[in-house]
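**Student:** Spelled out, the chains give:
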Amino acid sequence: MKLQQLSLFLENRPGRLDAPLEAIAAAGINILTLSLADTAQFGILRLIVRDWDRARQVLEDGGWIVNLTEVIAVDVEDRPGGLAEVLKVLDQAGVNIEYMYAFSSHRPGKAMLIFRFEDPDQAVAVLRQHDLRIVDGDELHAEDH
Amino acid sequence: MNAELYWDAASETLAVADKRALQLDRLRALINRVAEVPFYRVWLQRHDVAAERIRSLDDLRRLPLTTKDDLRRHHPFGFLAVPRSQLARIHGSSGTTGTPTFVAYTKNDLTTWAELCARFLVAGGLQPEHTVQIAFGYGLFTGGFGLHYGVERVGAAVIPAAAGNTRRQLTIMRDLAPEVLICTPSYALTIADGAREIGMDPRTLPIRWAHFGGEPWTEDLRIEIEHQLDIMAFNNYGLSEVIGPGVSGECPERSGMHIQDDHFLVECLDPDTLEPVPEGSPGELVMTTLTREAMPLIRYRTRDIACLYSDPCPCGRTGIRMSRVSGRSDDMLIIRGVNVFPSQIEEALLRVEGATAHYLIEVDRPGIRDELTVKVELHRELFSDRMDRMQALRDQISHEIQTTTGIRAQVELVEPRTIERSVGKAKRVIDRRTGAG
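Those protein sequence lines, which keep their order, are chains B and R.
When we follow the numbering used here, the leftmost residue of the first sequence carries the number 1, and every step to the right adds one.
When we follow the numbering used here, the leftmost residue of the second sequence carries the number 1001, and every step to the right adds one.
By construction, these hints were calculated from the structure, which means they are not laboratory data.
Misleading hints may appear alongside valid ones.
What the hints assert, rightly or not - Pairs of lysine to any residue, SDA-like flavour, derived with a Cα cap of 20 Å:
1. R:1375 x B:43
2. B:2 x B:52
3. R:1375 x B:41
4. R:1375 x B:82
5. R:1068 x R:1107
6. R:1107 x R:1154
7. R:1375 x B:13
8. R:1375 x B:65
9. R:1375 x B:39
10. R:1107 x R:1139
11. R:1019 x R:1036
12. R:1375 x B:11
13. R:1019 x R:1311
14. R:1068 x R:1240
15. B:110 x B:82
16. B:2 x R:1159
17. R:1375 x B:38
18. B:110 x B:76
19. R:1375 x B:40
20. R:1375 x B:16
21. R:1375 x B:63
22. R:1019 x R:1009
23. R:1375 x R:1400
Said to hold, decoys possible - Where chain R lies over chain B, by a calculated footprint (3+ residues, C-beta under 8 Å):
24. 33-46
25. 53-65
Don't be surprised by glycine CBs; every beta carbon is placed ideally from N, CA and C.
Kindly generate the complete structure, drawing on both the sequences and the hints.
**Tutor:** In structure tokens form, the structure reads like this:
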């Protein structure tokens, strides 16, 4: 149901993003998707990988601070308005979104939204109530060939 | 001898032999007065020192040193040598809000203080017909009030403009045409910048000369300020614990600041061995207040590093001269005129829950303003995947630093293990200012 997302703290200066990504690549771990939130001085890199426990170990061994967060992946139609419909449902139910990011899936006509909710259980209930499809870990990582 | 060149010609040009006799008399009287201060009384009794046993000025070296820590330990009134009822004013050490030190004055102390400021103001050319704009802070800081009463003592007009609000400073200057400006050297450059911003040529401002103090500056900066504002710039020195501004100041020769050594006995010591350094070599200035009533200090360690010169000055003043302050014998930083100790920054960080033990203080002067950057190493407990929390953390650290030091700092969160670990004493401060010293 819920996915584990890895977050890393990075200083915002040239070359800082390469190093953790190379460390993960060297360990043979594929990144399904990522997002980067940044300020002028620092950034937060968020990663979704299948083998999150091993990825966390690799990163922590490399000296990075890694934070583990539960996020929720939601399937949407890859067409205009697909995202807006999901957001409307959440908004009307008063669900607080801390942040979100999207990526297009390998499956034609489908896109994936990753949500970090303030209250994930409430969000899951609302999504289910509106027949919105929550993607679980196995299914998501089945895309990771 | 042109009397207009001096405020108190008899004292300022007193022959060296006569001055030494005066100093010795005053030192003996001081020993009697400090017997009222428990800190000194205990010491004098233990070492069996009494005024009559002080036979020459060299005996000064038998007396104890006094440090800022001693003052803090006896905060607030442990160093008073008079009953509280005799106090006329209380000031505080500049800027720092961590552990304040208060400085008390009797009515006579205030008179002396005004006299001493009048001496260096007149040495710069001040006469009763002039007008002086004081752009120093008025408050616990001794700069504003000290100079204010000095100017009044001379009989000149004071404009107590106080610090800040550069646009208003310029309006005052343009409309009231003061001949003299008193502020920190860096604020003089801010005024020049402010003038250019509103399309004024700073060289056309009515100011003819200025007395600068409150922070270390260089000869290069003097040349720069004199060029930008088309003025003569004079240096003066003082510290609140001793009295405030007026401890020493430049004469028209501008080759060192004459210490008012009929009121302050000065030594220049190696800060490690506490032995005197040869004349002209840098050492820590140690001051004994010969005439202070409320809070007399014996051999107070100023932590300011400077050189002393006793060769005669063509101006006729016999006060021994000191160089600019070239540094500190402790880790105190002066940032935008405010005293900041690295320990205060550490204190601020400790108030942030889970804050790291690893930090680095960087001081720069990219233009004319000092900038303080505090780099704080992040660790697990402080890290969140949420940007709002990370920004709140940075703001909280910044707020704590400002509360403790009074200075706004740029806070940078940095990755773990990026601040260099040193063996032994950690290097916490990098001061890149070329103008400091």
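**Student:** So, for every hint listed, does it hold in this structure?
**Tutor:** Hint by hint, here is what the structure shows:
1. R:1375 x B:43: holds, 15 Å
2. B:2 x B:52: holds, 13 Å
3. R:1375 x B:41: holds, 11 Å
4. R:1375 x B:82: violated, 43 Å
5. R:1068 x R:1107: violated, 24 Å
6. R:1107 x R:1154: Satisfied, since the Cα-Cα distance of roughly 18 Å is no more than 20 Å.
7. R:1375 x B:13: holds, 14 Å
8. R:1375 x B:65: The hint holds at about 17 Å.
9. R:1375 x B:39: Given pair residue 1375 of chain R, residue 39 of chain B holds - Cα atoms ~16 Å apart, limit 20 Å.
10. R:1107 x R:1139: Judged against 20 Å, a Cα distance of about 18 Å means the pair holds.
11. R:1019 x R:1036: violated, 26 Å
12. R:1375 x B:11: holds, 11 Å
13. R:1019 x R:1311: It holds: about 15 Å lies between the C-alpha atoms, which stays within 20 Å.
14. R:1068 x R:1240: holds, 11 Å
15. B:110 x B:82: holds, 10 Å
16. B:2 x R:1159: violated, 69 Å
17. R:1375 x B:38: holds, 18 Å
18. B:110 x B:76: Holds, at about 6 Å.
19. R:1375 x B:40: holds, 14 Å
20. R:1375 x B:16: holds, 17 Å
21. R:1375 x B:63: Given that 20 Å is the threshold and the Cα spacing comes to 18 Å, the pair holds.
22. R:1019 x R:1009: holds, 13 Å
23. R:1375 x R:1400: Holds: residue 1375 of chain R and residue 1400 of chain R sit about 14 Å apart, inside 20 Å.
24. 33-46: holds (count 6)
25. 53-65: holds (count 3)
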